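Undergrad: Okay, here's what each chain looks like letter by letter:
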Amino acid sequence: MPNFFDEMYADEASVRTHYRRFQDWLSTQPPEVIDRKRTEADFIFRRVGITFAVYGNDAGTERLIPFDIIPRIIPAKEWAQLEAGLVQRVKALNMFIHDIYHDQNIVKAGVVPAEQIFRNAQYRPEMQGISVVSDIYAHIAGVDIVRAGEGEFYVLEDNLRVPSGVSYMLEDRKMMMRLFPELFAHYKIAPVAHYPDMLLDNLRSVAPVGVSDPTVVVMTPGMYNSAYFEHAFLAQQMGVELVEGKDLFVDDNAVYMRTTRGPKRIDVIYRRIDDDFLDPLAFRPDSSLGVPGLLSVYRAGRVTLANAIGTGVADDKSIYPYVPNMIKFYLSEDPILNNVPTYQCRKQEDLQYTLDNLPELVVKEVHGAGGYGMLVGPASTKAEIEAFRQRLLAKPDGYIAQPTLALSACPTYVDAGIAPRHIDLRPFVLSGKTVSMVKGGLTRVALNEGSLVVNSSQGGGTKDTWVLER
Amino acid sequence: MLSRTADHLFWMARYTERAENTARMLDVNVQTALLPQSAEAAEQGWRAMLGISELLSEFDHKYGLLTPKDVLDFMVRDPDNPSSIVSCLTQARENARAVRGTLTTEVWETQNATYLDLQSKLRNGWLENDPSQFFEWVKYRSHLSRGVTIGTMLKDEAFYFIRLGTFLERADNTARILDVKFHGTQSTTETDAHPEEEAQRDFYYWAAILRSVSAFEIYRKVYRDVITPERVAELLMLRGDMPRSLLACLEEVVNNLQHVHNDVSSDTERFAGRLHAELKFGNIQEILKAGLHDYLTQFLERVYELGNRVSRDFLVPLAA
Chain Y
1 MPNFFDEMYA DEASVRTHYR RFQDWLSTQP PEVIDRKRTE ADFIFRRVGI TFAVYGNDAG
61 TERLIPFDII PRIIPAKEWA QLEAGLVQRV KALNMFIHDI YHDQNIVKAG VVPAEQIFRN
121 AQYRPEMQGI SVVSDIYAHI AGVDIVRAGE GEFYVLEDNL RVPSGVSYML EDRKMMMRLF
181 PELFAHYKIA PVAHYPDMLL DNLRSVAPVG VSDPTVVVMT PGMYNSAYFE HAFLAQQMGV
241 ELVEGKDLFV DDNAVYMRTT RGPKRIDVIY RRIDDDFLDP LAFRPDSSLG VPGLLSVYRA
301 GRVTLANAIG TGVADDKSIY PYVPNMIKFY LSEDPILNNV PTYQCRKQED LQYTLDNLPE
361 LVVKEVHGAG GYGMLVGPAS TKAEIEAFRQ RLLAKPDGYI AQPTLALSAC PTYVDAGIAP
421 RHIDLRPFVL SGKTVSMVKG GLTRVALNEG SLVVNSSQGG GTKDTWVLER
Chain B
1 MLSRTADHLF WMARYTERAE NTARMLDVNV QTALLPQSAE AAEQGWRAML GISELLSEFD
61 HKYGLLTPKD VLDFMVRDPD NPSSIVSCLT QARENARAVR GTLTTEVWET QNATYLDLQS
121 KLRNGWLEND PSQFFEWVKY RSHLSRGVTI GTMLKDEAFY FIRLGTFLER ADNTARILDV
181 KFHGTQSTTE TDAHPEEEAQ RDFYYWAAIL RSVSAFEIYR KVYRDVITPE RVAELLMLRG
241 DMPRSLLACL EEVVNNLQHV HNDVSSDTER FAGRLHAELK FGNIQEILKA GLHDYLTQFL
301 ERVYELGNRV SRDFLVPLAA
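Protein chains in written order, with UniProt numbering: chain Y, 1 to 470; chain B, 1 to 320.
Because the hints were derived from the structure by calculation, they are not lab data.
Keep in mind that the hints are not guaranteed to be accurate.
What the hints assert, rightly or not - Covered stretches of chain B (in silico footprint by chain Y; criterion: 3 or more residues with CB under 8 angstroms from a CB of chain Y, positions within the stretch not fixed):
id	segment
1	2-12
2	290-302
Unchecked claim - For lysine to any residue, the following SDA-like pairs were computed, each having C-alpha atoms within a straight-line distance of at most 20 angstroms:
id	chain 1	residue 1	chain 2	residue 2
3	Y	K264	B	N262
4	B	K155	Y	T259
5	B	K155	Y	Q237
6	Y	K174	B	T104
7	Y	K264	B	R312
8	B	K121	Y	Q237
9	Y	K246	Y	G293
10	B	K155	B	I218
11	Y	K246	B	V316
12	Y	K174	B	T105
These figures come from a predicted structure and were not determined experimentally.
Just so it is clear, CB atoms sit at the ideal spot from N, CA and C, and this is done for glycine as well.
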């Protein structure tokens, strides 16, 4: 048996209980029918335009994210554990962000070192002392979770800025229901299609004080952004305007959009654009994506930004090791979800350990994203490891290291047939007056054999995620 | 709705309509080329078509000698020609993509599928093997696009701006198609054809014009008489019940403008209303007496001005 947990097979001869019906169904499907359905899925995704834009030379080129038809199935009991853990974690993270932009109790208590926060590139001094509605900062959080063994879930990363992928969660489900309706008769699968409703509700709940019927918009950097499909999709599904910076302007301490009938005031901006580009007067002056003056209106509490400015301070890899302690500090609870043990290379001792064990470790840039700038020790050549060693020595502050987890795998269609491929899971947690989520998430799959990198920019694919109702 | 969104919707519709009209004009020329005619007459037909599209000098510059194959390439698949069918359908799709959240799924998928299928049809030699069938396909995709818009979209501003784009573009295109005769005769070398031959050629010419705007059968129904240039002009300009006529287009423009009315648009509505009234109460004899080409030239200028006014009032208004 391989040395990783297989989501579907308990061992070579037996299928896990919650996959049995699926296996029964799959074994009766003629290969040509499966092939046809897979081709059909590609065709439909392309026609519907469920694509992501690729950066680089071919700006504007659109690519499909490979979709796999074997679902990732999560039993009700496991999900209950995950959900409780997610609610707890996101609550604590929001309290942490509020704390560091106000009293900084956690720093005073010595739980998180001050320099980790105030020297963090994602810390925004502009947010110091600013009140946000309901003290919520990360209205939408995408928490990346991997499984190592039975009941053993680890949080790999908290995404609190502009997490993507929820549209794939919804479209993958739609596709499975369209291609294999009969499967849904065998299982009681928790629905996910009401996510946009929940999101709209959540966004309206955090409108500035005194606004009874808030105007909500989705703000996108534009159609050449890699997640443009998702931005347009969410705006459409919520029935709100999809705006770009150039559609907005600030006047008389309020934000307006330019409409065919003149200016219209807006109250809540679900922005899918990074802090740096939001307001050229406050952040990057060269940004043409933002709205001059937006920050001043925001600071005056006359518009809500979701997510808030400055949430990045809580989601980068240098803060990650402290999250379990945050949970204890703010909630006086034991963390339900594990962190992956993490070596902080800024600490001499941890750096030494990392340098001594590079071939066994995964080393990541503290501010990295999208699977770039990382070393996967076991999958790297000697030369690559040595090159990375030099980068690490030159800037130890910039890196953390983690043991290579035996990520679970799920059977997946690849060229050679069905084979196990490593997966992760990104559920989307909404915070407003309450913390809520749909039962499900985006399962990403590393399509290359043995690979642990699931990012779509690195050739990852997706699967439908089924949370069973019982 | 957002001004930028309205702008994208307006241009999505214009480009779709333009692709259809380009296909219509090309198809007429392909059909006419099947009739017995001299090489000069054939070339003259192609040049006239390039002329009304204001593309003659670009074509000459790029291709030099005129061959039907080059004209087709230029007008169908040349990405450097902003009026080629490929350019128009790509632009229509890009505009739709920019506002896909405002469109119904059906409208967006129609635009996207047209664009995707166009690429594969051109790759598979559809244009070369059966140009008429290809043009027919372009026309039907445009019909589908309009139909799915009417059939699925809420009648709100988004809808009205799409319709506004469609009819403004169609008014322009119908006027150009009518004016083709002028462009054709301008470059004619002196012919000493018999009057009979000329009359026959004229019949085919005007019949082709009618066919290009799907009006051949309508003509028979309306006039129950032989084809004369006056009646063709009357049908395509002044008949409100003829769906591609100038009057019908302006009627739609005026109606849709009314629906999107804002604080600054009164002048534009008046401008459109006057143009509409002139056609509504126009008389074909008077127009012909004053000169058809002059009338159409002036009409095109005014449609152009109207487009600019719509942009100024609704699509890119100044802040506050």
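Undergrad: Run every hint past the structure and note whether it holds.
TA: Okay, the hints, checked on the actual structure:
no. : hint            : in the structure
1   : 2-12            : holds (count 5)
2   : 290-302         : violated (count 0)
3   : Y:K264 - B:N262 : holds (13 angstroms)
4   : B:K155 - Y:T259 : holds (17 angstroms)
5   : B:K155 - Y:Q237 : holds (18 angstroms)
6   : Y:K174 - B:T104 : holds (17 angstroms)
7   : Y:K264 - B:R312 : holds (18 angstroms)
8   : B:K121 - Y:Q237 : violated (33 angstroms)
9   : Y:K246 - Y:G293 : holds (13 angstroms)
10  : B:K155 - B:I218 : violated (29 angstroms)
11  : Y:K246 - B:V316 : holds (11 angstroms)
12  : Y:K174 - B:T105 : holds (14 angstroms)
In summary, the structure is inconsistent with hints 2, 8 and 10 from the numbered list given earlier, while agreeing with the others.
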